[in-house]
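S.K.: Listed below, chain by chain, are the residues.
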Amino acid sequence: MTAQSFGFVRSLFLGRIESSAVMPFPHPDADAQETAESVAEMIREWAADAIDPDQIDRDKTISADVIEGMRELGLFGLTIPEEFGGAGCGQLAYISALEAISNRCASTVTVFAGHLGIGMKGILLYGTPEQKQMWLPALASGEQIAAFALTEACAGSDAGALRTTADPEPDGSWKLNGRKVWITNGGIASLFTVFARTPDPENPGAPLMDRPISAFVVSGSPDDLPGLSVGAPELKMGLCGSSTTEVGFEDMVIPADALLGERGQGFKVALNILNSGRHGLSACCTGQAKLARKLAVAHAKEREQFGVPIASFGMIQEMLAGMDADIYAMEASTKLTAGMIDLGRGETMLEATCCKMYATERLWDICNNALQITGGTGFMREYPYERILRDARINMIFEGTNQVLRMMMGTQGLRPLVKDLGALASDAPTLDGVREDFADERAVFESLVTTLAEKSRDVAERHGKAARNAQPDLRRLSDMAIALYVMAAVIARVSSPDATPEESELNVARLACSRLARSFQTAAAETENPDDELMAKVASEMTA
Amino acid sequence: MNIVACIKRVPMTETQAKVTADGQSLDTSGVEYMTSFYDEIAVEEAVKTKEKLGGEVTVLTIGPSDATKQIRECLAKGSDKGIILTDDAWALRDCRSTAKALAAKVQELGGEVVFAGRQATDRDNASVGPMLATYLGWACVTDVIELELEADKGVAKRESEAGVETYEFSLPAVITCQKDLNEPRYAGLKGIMAAKKKPVEEVPAAEEASQAEVVRVELPPARKEGRVVGEGPDAVEALMTALQTEAKVL
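Chains as they are written, first to last, in the numbering used here: chain A, 1175 to 1718; chain B, 145 to 394.
With a straight-line cut-off of 25 Å between C-alpha atoms, the simulated PhoX-like cross-links for lysine-lysine are:
hint, chain 1, residue 1, chain 2, residue 2
1, B, Lys334, A, Lys1306
2, B, Lys162, A, Lys1468
3, B, Lys162, A, Lys1475
4, B, Lys192, B, Lys297
5, B, Lys334, B, Lys213
6, A, Lys1234, A, Lys1464
7, B, Lys213, B, Lys342
8, A, Lys1349, A, Lys1306
9, B, Lys341, B, Lys213
10, B, Lys194, B, Lys213
11, A, Lys1475, B, Lys368
12, B, Lys323, B, Lys196
Beyond 10 Å from chain B on every Cβ pair, some chain A residues (computed):
hint, residue
13, Gly1181
14, Gly1346
15, Asp1397
16, Gly1405
17, Arg1437
18, Glu1610
19, Ser1693
Hints are computed from structural coordinates only; laboratory data are not their basis. Note that the structure is a prediction, hence the values are computed from the model and not measured. Where a beta carbon is used, it is the ideal one built from N, C-alpha and C, also for glycine.
Turn these sequences into a full structure, and let the hints guide you.
M.R.: Dropping the structure here:
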């Protein structure tokens, strides 16, 4: 065994378990936990009074008093350091706030996450002390709301294909030209983190697409910034209240100090912002999933058919129990990752990506089942099920489609193996610190880690460096890795020395482990007899 | 002004009450707590009074150390310090022994005005406030819906069955707060962060034997299911008969 750390998820591909990353469950200190709880409770109280999610969906806008309420509570500055006028909270408080807002309204949480999670995150990560002083106070108070402007018409999943340009002027300022699409908060923001191609000083004549990308902060609105334009609100399937627009720049001049991070390093800035934003998305999904569960449980208890409440039927119970177990696992993995971030337990990029994929896909299934339990009533617009379902759909697309994320995760996981098969663990891996009555779950987990390593080895051997193009293989390996990370989170959560789970919680956790193991095995079984070639043929003929 | 707000931590509104096996008390296992609804109004009034007249707000409660959570919420909403008179058997105290212990502390603090909820939402006794005023020998107005305070006196409107009564009183006084008095504020992030730095003191509550003893606790009998006697105008006669002969209310 080497002492080298690969990160928890990456190590799973190698058949290793880095127990110390997840065990004991990384709880921030009591003070941070209390803050997170107080913040969530305050939001729940406020949101119940102030937010009408149905009205927001129907009006396709969030009323000014909701935004004003968020300002008054200080929410826009939650994670901004106190020295810049924020509350200086950590990741646990942030995800607790996201979950609490989302539990009431998915559109409203999008404004909040668009601002803190991605819109201004770059300033926190890469801003100089002067830039932080210049921009953060107005962002913390909510006087300015932020937006993240990366995507373009031809640069979606392939964000690196963007064509917006920023050219240096003789006085050091920059001239921006281009058009961004689907910008969350576009219509209400007055600060944009924008990504554009800048000339390479080493190779000034390089064609556009060979120029490096740089990040900029554009502070202002179309009223005070000539050349900045914001399009009409897009008509969307869900999140109808949140503002999504085009944002255009035409010979727009911004000052020299608008450059964020190093010139030419903008793509790295964008990816790091998205890596951190992605984790928040899983908390948003948990909030909406809990809302769907609450509605479904209430309906199942109340609705009688054949003379008894439908909650007594086995097929309804399957759906209810499944959503409870899934939500438990969503919460466990989101909190585990938050704790790893707050306690600095190493790298969390793939961990956050697992949370995003798991939570977004489980949420979709959960709202679908909540609607199914409610039958015809659930289909009526008078009830919130269809809204929750519409709102949930985008989560599997934004901040990286779940397909692109699987490509990224599979490639990253395989990378050490593609270089050297010797990176594989030579001993059977062990997960330390598991409570005694979860010995069975622990044994299953450990054996599945070995299975993942075997499957990874096989893909690495078959494809070598071309493995990054073997998409169906990457998908299956990712499915297995997601199941394992989330399962580790569930086991770590019940094994936490601070936790005193009752039998009912342990049952939910056991069910979660069982479902995760099953989902792992589905992906693993597919590798035995894949239809990859057949599918490629059929699809090619369809699209010839 | 030296302002005191008395609060009680009570089970969450949606708690399903269960009686213990011995039938003597409520089963508190798994119960989550909150600040009693009317006490939140008392805290808000105390903070508003401080904002108008200056001074300091002390939040006072009798309970277990766990009540720190509710005290912190009050501190986040603008109160300055908290005191828990600790007593693990707090739930068994009768109103008199509760009021007596609170009175001793209020006196020691040099309080000039005390705000309390009109009643706690668990026991609904509505007695501790007036008893506290009696032990202190202070003026007391209960069920207040409107209040004007000055440095040494005040005018309060209270709701009674007869209508709205207006009282003038001199300080010190105990005011118990009714629903319409104000709209409690949200803590806000700044409030939550500031509350961490505010002091919360725990001191044992003065021993005082209860004079009232709970002999038996039982849940109200389940209500009988309703019956539809008919539909539309045709139902009127059947309904009248039922009201006269069965329910005997007409």
